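**Q** Chains as they are written, first to last, in numbering that gives the first Met the number 0: chain A, 0 to 531; chain B, 0 to 108.
Hints in this document: simulated from the structure, not taken from any laboratory. From a predicted model like this one, the values you see are computed outputs, not experimental measurements.
Among the chain A residues that face chain B by a calculated CB cut under 7 Å, a handful are:
#, residue
1, Ala-54
2, Gln-65
3, Leu-132
4, Ala-139
5, Gly-199
6, Asp-205
7, Asp-223
30 Å max Cα-Cα, derived DSSO-like pairs, lysine-lysine:
#, chain 1, residue 1, chain 2, residue 2
8, A, Lys-383, B, Lys-86
9, A, Lys-229, B, Lys-46
10, B, Lys-86, B, Lys-99
In this text, a Cβ means the ideal position worked out from N, Cα and C, and glycines have one as well.
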Amino acid sequence: MLGTAIIVFREVLEAALIVGIVLAASSGAPGRGRWVSCGIAGGIAGAGLVAVFAASIAAAASGIGQELLNAVILLLAVGMLGWHNIWMSRHGRELALTARAVGDAVISGSQPLYVLSIVVGLAVLREGSETVLFLYGIAAGGGGGIGSLFAGGTFGLAGGVAVGAALYLGLLRIPQRRLFTVTGWMVLLLAAGMAAQAAGYLVQADLLPPLGDAVWDTSVVLTDNSVVGKALHTLIGYVARPDGIQILFYLATLFGIWLLTKWVGSPPARRPGVSLRRGIETPLVILLLLGGLGAGSVAEAQLKVRYPIVDYREVEIEHFGDITFDKPNSGKTNIQRYTNEYGLGPLPGWFVELGTEFQAPNGANITYDATEIENYIQLTPTGKYWGDLAMFAEYEMPIHRGDAKTFVFGPLAQTEFGEIAGFGALHTLNLLFTKTVGNNSTDATKLNVAWQSRLLIDPLIAPGFEYYSQIDQVLNPGKPAEQQHRIGPVLVGLQNFAPYGKLKYEAGYQFGLTSATPRGTARWRLEYEIPF
Amino acid sequence: MMRCAVLSLVLILATQANLAAQEATYTLVIKDHRFQPTEIEVPAGQKIALIVKNDDPTPEEFESTELRREKVVPGGGQITVYVGPLKPGRYEFVGDFNPKTARGHIIAK
Chain A
0 MLGTAIIVFR EVLEAALIVG IVLAASSGAP GRGRWVSCGI AGGIAGAGLV AVFAASIAAA
60 ASGIGQELLN AVILLLAVGM LGWHNIWMSR HGRELALTAR AVGDAVISGS QPLYVLSIVV
120 GLAVLREGSE TVLFLYGIAA GGGGGIGSLF AGGTFGLAGG VAVGAALYLG LLRIPQRRLF
180 TVTGWMVLLL AAGMAAQAAG YLVQADLLPP LGDAVWDTSV VLTDNSVVGK ALHTLIGYVA
240 RPDGIQILFY LATLFGIWLL TKWVGSPPAR RPGVSLRRGI ETPLVILLLL GGLGAGSVAE
300 AQLKVRYPIV DYREVEIEHF GDITFDKPNS GKTNIQRYTN EYGLGPLPGW FVELGTEFQA
360 PNGANITYDA TEIENYIQLT PTGKYWGDLA MFAEYEMPIH RGDAKTFVFG PLAQTEFGEI
420 AGFGALHTLN LLFTKTVGNN STDATKLNVA WQSRLLIDPL IAPGFEYYSQ IDQVLNPGKP
480 AEQQHRIGPV LVGLQNFAPY GKLKYEAGYQ FGLTSATPRG TARWRLEYEI PF
Chain B
0 MMRCAVLSLV LILATQANLA AQEATYTLVI KDHRFQPTEI EVPAGQKIAL IVKNDDPTPE
60 EFESTELRRE KVVPGGGQIT VYVGPLKPGR YEFVGDFNPK TARGHIIAK
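Just need the whole structure built from these sequences, with the hints factored in.
**A** This is the structure:
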């Protein structure tokens, strides 16, 4: 009986914790009891169905039906939880600004409770179907009588529900004002953990590469099988021996949802036409989702072509900058910018950099301007297709608190195509969108295009040209003269000091093509990469 | 998020569909809530396919936290679990519905 109770308890515990969080996250919304009950009832019915059809599901899709079903259920739940958080970030503000009575009306009127109801249903379905199969196995001739089975099942169920209820009641002790902040974080961690679990199933089905088998191992400290391990597995996605791709899914979901809540929840626009703009920008939201991680830039984007091929197991240190030349009193001369970056390739296909930006406009002293986090996610295996593709995402925090924070994201593409005098040519294109958030943010989405073509004469010397443009409002681009366009020659090369690393350099000069662009800009870049 | 998930799933399936599985195959049989054999030796650094056959009429769950695998094996049915590439070592697995009797391990060399 005890064995039965423990197994049932472990399965029920996961679902109960999720229900506890959902109940707390929707507290104060009338009718939620009904919705959550519906979710639980639907989940139990679904669990029964899944158990009955277990054999057909196991055989479906060439034997990976179970994994696909689990992954789809989990990703659906991730989507619902993400949606909940984004919704709350938008309406939670109204709630805080208005009197509580009005706030309640807002909640009851429009909070999409069915979203949470579905999450509950999916959680119960997943954990419940295993419980049903297990209990059926015992009933159909495993050990013990029906009485012991019933008693064990009841104790297990009661224990799981008790822990879920304790979590819920504990959360309710948090003051109303801060409750939704806390539940928001819990929902975020819940979603990230579920995404990692889904990645695990897809690896198990051989549909995703593990990207590193058991990147670390903390099973000595806490095993997945212990009750605490199980609870933390549900609450924050704890896995003692995670695959690389699970870490990637976890972080991508965590940052993806968090950035979307920041973006959507940022102060409403001061100009009319908001709803239209949001509609048009839906593709950009999806772009950000595809990238998974988030990003930023200064008022003026850095002049730099970014490459989509990511160096796994490498650390790098990089310095780049530029300086402008124009008429003395034009306000466009002697603008100096310097950036230092420290990068790491912890997983195949993912490179992350921490950057510090300095600037000195018009001969003023050099000041520390902003800190940035950049992510490169390589989407295609190097050299496998006609071109290589990556997603770039950056988040930039300015030093001056009054300045807006920025996200920058977009695709990076590269291909080798054509030849001149027997030398191949390498072409790189960046399309980066910039969005401001927080204090003094605007509705504008800025577009920066960077294009480089170079001739592969020698690793040490590859000459080419570069083109950079900046359109401050992509939906209202204005006249070409108001946009920035520049073009000019560049020299790129590298020296390999294997096994000690590689030194790369770039130097170029840009001629301004419009009146909004400085007449001339010199740019340089130095980078040292060390494999580990 | 969902669109993204579905899209990436489709992309992944499309790229994987024509890659035939070439992994070495090992078979485990569940009978009377026990695994047979209880020890399987596999090459390290290579992906393998593990076929788990359930000769019992009741369902079982093949589970290994060390391999990060869990999959229900229906009564009288069989499943395939892909494992590895593994680092050399010993990896325990259990039948989660009968954890007292159904135990075994993989040794990667």
